[in-house]
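Undergrad: What follows is the residue order along each chain.
2 protein chains.
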Amino acid sequence: MVLRLSKLTDYAVVVMARLARDGALPEGRVQTAPGLAQATGIAEPTVAKVLKILGQAGLVEGLRGARGGYRLTRPLAAVPLSEVIVAVDGPIALTACVDGGQGQCEAQSICAVRGRWDPVNDAIRRALSDITLADLAGPARCGSAPVFAQLVAE
Amino acid sequence: MVLRLSKLTDYAVVVMARLARDGALPEGRVQTAPGLAQATGIAEPTVAKVLKILGQAGLVEGLRGARGGYRLTRPLAAVPLSEVIVAVDGPIALTACVDGGQGQCEAQSICAVRGRWDPVNDAIRRALSDITLADLAGPARCGSAPVFAQLVAE
DNA sequence: CCTAAATAGGACCAATGGGGTCCCCTTTGA
DNA sequence: TCAAAGGGGACCCCATTGGTCCTATTTAGG
Chain A
1 MVLRLSKLTD
11 YAVVVMARLA
21 RDGALPEGRV
31 QTAPGLAQAT
41 GIAEPTVAKV
51 LKILGQAGLV
61 EGLRGARGGY
71 RLTRPLAAVP
81 LSEVIVAVDG
91 PIALTACVDG
101 GQGQCEAQSI
111 CAVRGRWDPV
121 NDAIRRALSD
131 ITLADLAGPA
141 RCGSAPVFAQ
151 LVAE
Chain B
155 MVLRLSKLTD
165 YAVVVMARLA
175 RDGALPEGRV
185 QTAPGLAQAT
195 GIAEPTVAKV
205 LKILGQAGLV
215 EGLRGARGGY
225 RLTRPLAAVP
235 LSEVIVAVDG
245 PIALTACVDG
255 GQGQCEAQSI
265 CAVRGRWDPV
275 NDAIRRALSD
285 ITLADLAGPA
295 RCGSAPVFAQ
305 LVAE
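Order-wise, the sequence lines are chains A and B. Counting in my numbering, the first sequence runs from 1 upward without gaps. Counting in my numbering, the second sequence runs from 155 upward without gaps.
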């Protein structure tokens, strides 16, 4: 399967959806990484890793020390999916030799499609920017997963 | 980098662009895998592999025997990029637990975003379907690769 | 009829990169 | 002063993919 979103990004969306339960800055209460791990079913070290990455990107805020934890810096509706993807997986592009492509492509002198992927990349970035985490975690609609309500709607 | 298009798909586009030089069915002349390998700079076994895959998908036609070779079944303008991607890399989807997702997701009972990726996937598929190989290999515009003209425009 | 050239199909090996874990340090409330 | 929690990074493992090769089949040409 192509266009494989990394698992880390998937986890990031789930974790942020769970974080949304307790709100965002400045009133939002924090949740700890172990707590989020238990709530989401994702292994604790992995949740911690995801939260660190999201923290560096400014998507969540971490409060250190006892009684510390994480909370969103923005409501889900203000977070485009593309931003999460970029934070976790890096730039959104279809090939390595794309967008300027100063990185050396061994077949550079003979490559027939060099520099032509830009419109494709732009289209995909636009699609991913138009969708926010609120769209993904939004109003309950999940036939097979009743727990969904506990995680997000509640 | 996310959304990484496989190298095989990249090769497929290059090879098909080269195949377009000699036309498509029914008048088009065939080109051999070794010849295409030399013309594109891609290793011969790899070119052969790509052509086999494209043949199974019906994007190229292979003629066996001496004086055999490959030719396009359609002009480049009639081949959406999405079709090449699907042929080489399989279905276009962002996550494994997507689009029905009967495949067992270990966190299925607790996953907050189950079934919500469909609009994202649809948007991406649409973007990839709106672009044809002719758009990629189209009129010459390649500052750093003059050989491009020999491959496609000539 | 025989040979050479070419595709068809699949098996096989190697390497890259990402998933996942763990360690140590810093911070901070009780 | 201690315990709880985040911050940052190093590390290993393995699944996926890129790439190669081998064999069978087909067909033009002498």
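These are computed hints drawn from the structure, not numbers from a lab. It is possible that part of the hints are untrue.
Calculated from the model, a selection of chain A residues having no Cβ within reach of chain B, i.e. all distances over 10 Å [as the list claims (entries may be wrong)]: (1) Arg4; (2) Pro26; (3) Gln31; (4) Thr32; (5) Lys52; (6) Gln56; (7) Ala66; (8) Arg71; (9) Pro75; (10) Ala77; (11) Ala78; (12) Pro119; (13) Ala123; (14) Arg126; (15) Ala127; (16) Asp130.
With a straight-line Cα cutoff of 25 Å, these simulated SDA-like cross-link-like pairs (lysine to any residue) come out [as the list claims (entries may be wrong)]: (17) A:Lys7 with B:Val240; (18) A:Lys7 with B:Arg175; (19) B:Lys161 with A:Asp89.
Even for Gly, the Cβ is constructed at its ideal location relative to N, Cα and C.
Undergrad: Each hint needs a verdict: does it hold in this structure or not?
TA: Okay, the hints, checked on the actual structure:
1. With 10 Å as the threshold on Cβ separation, the claim that arginine 4 of chain A sits away from chain B is violated: the shortest Cβ distance comes to roughly 7 Å.
2. Every Cβ of chain B is farther than 10 Å from the Cβ of proline 26 of chain A; the closest lies at roughly 24 Å, confirming the non-interface assignment.
3. No beta-carbon of chain B is positioned within 10 Å of the beta-carbon of glutamine 31 of chain A; the least distance is around 14 Å.
4. For threonine 32 of chain A, the shortest C-beta to C-beta distance to chain B comes to about 18 Å, beyond the 10 Å cut-off, and the non-interface label holds.
5. No Cβ of chain B approaches the Cβ of lysine 52 of chain A within 10 Å, the least distance being about 18 Å, so the stated non-interface status holds.
6. Against chain B, the non-interface label of glutamine 56 of chain A holds: every CB pair exceeds 10 Å, the least being about 17 Å.
7. Every beta carbon of chain B lies more than 10 Å from that of alanine 66 of chain A, the smallest distance being close to 28 Å; the non-interface claim holds.
8. The beta carbon of arginine 71 of chain A sits about 17 Å from the closest Cβ of chain B, which is more than 10 Å, so the claim that it is off the interface holds.
9. With a least beta-carbon separation of about 16 Å from chain B, proline 75 of chain A lies farther than 10 Å from that chain, consistent with its non-interface assignment.
10. Residue-level check passed: alanine 77 of chain A sits 14 Å from the nearest beta carbon of chain B, beyond 10 Å.
11. Listed as outside the interface, alanine 78 of chain A is consistent with that label: its C-beta sits roughly 17 Å from the nearest C-beta of chain B, beyond the 10 Å cut-off.
12. With a least beta-carbon separation of about 7 Å from chain B, proline 119 of chain A fails to lie farther than 10 Å from that chain, contradicting its non-interface assignment.
13. Its closest Cβ contact with chain B, about 4 Å, brings alanine 123 of chain A to no more than 10 Å, contrary to its assignment away from the interface.
14. The beta carbon of arginine 126 of chain A sits about 8 Å from the closest Cβ of chain B, which is not more than 10 Å, so the claim that it is off the interface is violated.
15. With a minimum CB-CB distance of about 4 Å to chain B, alanine 127 of chain A fails to clear the 10 Å threshold, and the non-interface call is violated.
16. Remark: the non-interface label on aspartate 130 of chain A conflicts with the geometry, its nearest Cβ contact in chain B lying 7 Å away (cut-off 10 Å).
17. Under the criterion of a C-alpha separation no larger than 25 Å, the hint pairing lysine 7 of chain A with valine 240 of chain B is consistent with the structure, at around 21 Å.
18. At most 25 Å may separate the alpha-carbon atoms for a hinted pair to count; lysine 7 of chain A and arginine 175 of chain B exceed this at roughly 41 Å.
19. For the suggested pair lysine 161 of chain B and aspartate 89 of chain A, the alpha carbons sit about 19 Å apart, so the restraint of at most 25 Å is met.
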